[in-house]
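Chemist: Here is how the chains run, residue by residue.
Protein chains: 2
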Amino acid sequence: MIRLFVSDTLEADVQIVPSRGQTHYLMNVMRLGVGDEVLLFNGRDGEWRARVAQASKRDCRLLVLVRERVQAVGPDLDLLVALVKRGRLETIVEKAAELGARRVRPVITERANADRANIARLAAIAIEAAEQTARMDAPEIFGVQSLESVLSGWSGVRRLMFCDEAGEAAPAAGALAGAASGPWSILIGPEGGFSPAERARIRALPGALPVSLGPRILRADTAAIAAMTLWQAVLGDWRGA
Amino acid sequence: MIRLFVSDTLEADVQIVPSRGQTHYLMNVMRLGVGDEVLLFNGRDGEWRARVAQASKRDCRLLVLVRERVQAVGPDLDLLVALVKRGRLETIVEKAAELGARRVRPVITERANADRANIARLAAIAIEAAEQTARMDAPEIFGVQSLESVLSGWSGVRRLMFCDEAGEAAPAAGALAGAASGPWSILIGPEGGFSPAERARIRALPGALPVSLGPRILRADTAAIAAMTLWQAVLGDWRGA
Chain A
11 MIRLFVSDTL EADVQIVPSR GQTHYLMNVM RLGVGDEVLL FNGRDGEWRA
61 RVAQASKRDC RLLVLVRERV QAVGPDLDLL VALVKRGRLE TIVEKAAELG
111 ARRVRPVITE RANADRANIA RLAAIAIEAA EQTARMDAPE IFGVQSLESV
161 LSGWSGVRRL MFCDEAGEAA PAAGALAGAA SGPWSILIGP EGGFSPAERA
211 RIRALPGALP VSLGPRILRA DTAAIAAMTL WQAVLGDWRG A
Chain B
11 MIRLFVSDTL EADVQIVPSR GQTHYLMNVM RLGVGDEVLL FNGRDGEWRA
61 RVAQASKRDC RLLVLVRERV QAVGPDLDLL VALVKRGRLE TIVEKAAELG
111 ARRVRPVITE RANADRANIA RLAAIAIEAA EQTARMDAPE IFGVQSLESV
161 LSGWSGVRRL MFCDEAGEAA PAAGALAGAA SGPWSILIGP EGGFSPAERA
211 RIRALPGALP VSLGPRILRA DTAAIAAMTL WQAVLGDWRG A
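From first to last, the protein sequence lines stand for chains A and B.
Just so you know, we're using this note's numbering here: the first sequence kicks off at 11 and counts up by one.
Just so you know, we're using this note's numbering here: the second sequence kicks off at 11 and counts up by one.
Worth double-checking, as some hints may not be accurate.
No distinction is drawn between identical chains; accordingly, a pair holds when it is met within one copy or between any pair of copies.
[Unchecked claim] List of simulated lysine to any residue pairs, SDA-like, C-alpha gap at most 25 Å:
| # | residue 1 | residue 2 |
| --- | --- | --- |
| 1 | K95 | N38 |
| 2 | K67 | G184 |
| 3 | K67 | R30 |
| 4 | K95 | R13 |
| 5 | K95 | V39 |
| 6 | K95 | L14 |
| 7 | K67 | D18 |
| 8 | K67 | T33 |
| 9 | K67 | K95 |
| 10 | K95 | G163 |
| 11 | K95 | G43 |
| 12 | K95 | R121 |
| 13 | K67 | E100 |
| 14 | K95 | Q32 |
| 15 | K67 | E201 |
Hints in this document: simulated from the structure, not taken from any laboratory.
Based on the provided sequences and hints, a complete structural model is requested.
Modeler: Okay, here's the thing in structure tokens:
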């Protein structure tokens, strides 16, 4: 069934007016009609079944019926990712939604491959990807910050999985297996890696866990996906019930 | 340094004529000149340093100098992947190269999202991605086969990591941790999943290990990357020296 993320409060008997893009999708792409059902979520109120109550080419109303699942959120996982080329950054956001990250925070590093990002577009990609998974929230996309502004004041309460492509670090799965769960961030560098000064800075942070992602050179999107996968498998919600 | 995959035999003092595409890349994109050096590999003879001996817009000769690394291949990992839409299949091939799969075998399943693939283009993508990792071979891309023709006669000598999105399977990392290394295949289904008959067929194979990739619905490319990552981390060459 089609799942849509909305910003409205969800409760029985309220009417929801989908956004213009959602209306186009429901009415003209999927060609739903009155009586067809969809699922709605907003990150707060769980997942609700709703019925198309009014349908025309440009106008659609959804009547919220019944809650199908109570709200649940995944583990507290941040993805800190250096600004890389637009297409790869968009892939990373899509995959962060599928792999259960709670936030994506683009950061500028010395060797970053870009100096800005279209946050609104990334947020839309995150929502669209979240709609296609079974999750009941969408990852929040932070505005671009410098790496230093993110790291300054890092207390260590949140652990940091530092994907250090310069080698020397322990294999990721084994290193994570010895660590505790709780709030974590994953840090992924740009295609050119971190500078020596950045590496030293990151490794000296409280709570930093440098890890290696195998013997081959990975593109930033591959590294991000691999790191989120290993984290979920070892410390996150892939461990099973 | 630039790395190029060539088909020629590599030994000291031979001259290599790069392909037309490689020549364009070296001469017009990277603007190399006589005396500049590159690395060459062919999947058989290790990695060799070579020097540009002749350079013009349309003509380039490379003189092979010295072997930098002896040939090594990664673990014997096959990726069996259902035909999905072209863009996602290309992503999967690129990532298979980065994540150290030895072969990619596109298969037609009941709910496959396509019925053919441009194998020559996929092979070119595999080579380009291999050039950008540190590996000394490129994944072989098999021609399209039906799932049944691949599974018939499956002896079980090669184990099969079956990514079963219908749930019920054990979490992948734990399941793999109890298994032996050796030759393995990973099987990834199409966006619509496997049919009940296919699932029963696969689960009954000798050597099949059904695994789950977490509680969210993953696109085929995400599932392929996650599965290869976990396999390399638990049974492959990400375990460290």
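Chemist: Run through the hints listed earlier and report the numbers of any the structure violates, in increasing order.
Modeler: 2, 9, 10, 11, 13, 15
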